[in-house]
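Engineer: Each chain, letter by letter, is given below.
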Amino acid sequence: MERANENWIGSLKSDDRLKRDTAIADLHMLLLRGLHGAFKTNPCATPTIIEDAAQEALLRVTANLDSFRGESKFLTWAMKIAIRNVYSEMRRTGWKDISLDQASDVGKPLIENFADDSYSPEKLSRQAEIIEKLWQAINESLTEKQKTALLADFVANMPIEEIARKMGTNRNAVYKLLYDARHNLRKHLMSAEITFDDMTKAFS
Amino acid sequence: MELEYIKQILDSAYNIRPHEVGCDDCEEEMNEYADYVLEEKQLDKPLNLIKDHLELCRDCSEEFQSLLEALNSATGKK
Chain A
1 MERANENWIG SLKSDDRLKR DTAIADLHML LLRGLHGAFK TNPCATPTII
51 EDAAQEALLR VTANLDSFRG ESKFLTWAMK IAIRNVYSEM RRTGWKDISL
101 DQASDVGKPL IENFADDSYS PEKLSRQAEI IEKLWQAINE SLTEKQKTAL
151 LADFVANMPI EEIARKMGTN RNAVYKLLYD ARHNLRKHLM SAEITFDDMT
201 KAFS
Chain B
1 MELEYIKQIL DSAYNIRPHE VGCDDCEEEM NEYADYVLEE KQLDKPLNLI
51 KDHLELCRDC SEEFQSLLEA LNSATGKK
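In order, the protein sequence lines correspond to chains A and B. Counted from 1, the first sequence has number 131 at position 131 by the working numbering; the numbering is strictly sequential. Counted from 1, the second sequence has number 22 at position 22 by the working numbering; the numbering is strictly sequential.
What the hints contain is simulated information worked out from the structure, not anything from laboratory work. Hints may be right or wrong, so weigh each one.
To be verified - Each computed DSSO-like pair below joins lysine-lysine, with the alpha-carbon atoms no more than 30 angstroms apart: (1) A:K187 <-> B:K51; (2) A:K176 <-> B:K7; (3) B:K7 <-> A:K123; (4) B:K77 <-> A:K145; (5) A:K145 <-> A:K187; (6) A:K166 <-> B:K45; (7) B:K7 <-> A:K96; (8) A:K176 <-> B:K77; (9) A:K201 <-> B:K7; (10) A:K201 <-> B:K51; (11) B:K45 <-> B:K7; (12) A:K133 <-> B:K77; (13) A:K96 <-> A:K123; (14) A:K147 <-> B:K45; (15) B:K51 <-> A:K147; (16) B:K77 <-> A:K13; (17) A:K166 <-> B:K77; (18) B:K77 <-> A:K19.
Given these sequences and hints, build the entire structure.
Structural biologist: The structure is reproduced here in structure tokens:
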């Protein structure tokens, strides 16, 4: 039977050891079941990563019960923490041997030398024009840091969390960096008279 | 394949919103939004900015999708 929030909090804070241990075991079981279900098709989520993520979430949740504001179900809150742990470890492991420079270098030739012969010559010509303006905008309107983050994110598909880890900052700061980069690109492209409609028509 | 990268960069630039929340705010509200999505729970506050962020941020979006799947698995709904 599903426990109500008050039941979870009361049991996990209880002085009755049996009651507390039962709640901890229940929560651990639910976290594990959830993680196994969510990542069953993801080979990067090894059994060790999943077990460690559930264990760490359990420790964090029980140590921070007072920070639960009750705005969601208790299990949803706890599961969110466990999910973040899994992703954090998968991203760290998966990208540990790839530097930011390597990731952003991947993007440059892909954008500079784009060509796809499935389009008509007219469309290809328009695409080339827009890509040239885009590349110009990337080089002229972005700082080196913005450019690196943009190419690592969009072209190399490096997670923002990893970009942040390698830049020695946090996800929020990288999101803001990318927001400013997108804003600068838009401004530059608009001033080059490339509109959203132009872009949509050329790439549809 | 290269075309997708280019389209994504252009899309993200042209579809920038005047106010976007960051990953911290999204993480803070993600559990509440997950309950809303799974159970059509009544919201006490608008979470449109969270919805927008999930459309724009790949990291937060994959965490959110996994959260929904995990909750369904844990509670035996899937």
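Engineer: Each hint: holds or not?
Structural biologist: A quick look at each hint next to the structure:
1. A:K187 <-> B:K51: 25 angstroms, holds
2. A:K176 <-> B:K7: Holds. A:K176 to B:K7 sits at ~21 angstroms (cutoff 30 angstroms).
3. B:K7 <-> A:K123: 14 angstroms, holds
4. B:K77 <-> A:K145: 44 angstroms, violated
5. A:K145 <-> A:K187: 18 angstroms, holds
6. A:K166 <-> B:K45: Violated, at about 35 angstroms.
7. B:K7 <-> A:K96: 28 angstroms, holds
8. A:K176 <-> B:K77: The given pair, whose Cα atoms are some 37 angstroms apart, is violated under the 30 angstroms limit.
9. A:K201 <-> B:K7: At roughly 11 angstroms apart (the allowed maximum being 30 angstroms), B:K7 and A:K201 satisfy the hint.
10. A:K201 <-> B:K51: 27 angstroms, holds
11. B:K45 <-> B:K7: Distance ~33 angstroms between B:K45 and B:K7 Cα, so the pair is violated.
12. A:K133 <-> B:K77: 49 angstroms, violated
13. A:K96 <-> A:K123: Violated, at roughly 40 angstroms.
14. A:K147 <-> B:K45: At roughly 36 angstroms apart (the allowed maximum being 30 angstroms), B:K45 and A:K147 break the hint.
15. B:K51 <-> A:K147: 26 angstroms, holds
16. B:K77 <-> A:K13: 28 angstroms, holds
17. A:K166 <-> B:K77: 39 angstroms, violated
18. B:K77 <-> A:K19: Measuring from Cα to Cα gives roughly 27 angstroms; hence the hint holds.
In terms of the numbered hints stated before, the structure departs from hints 4, 6, 8, 11, 12, 13, 14, 17, listed from lowest to highest.
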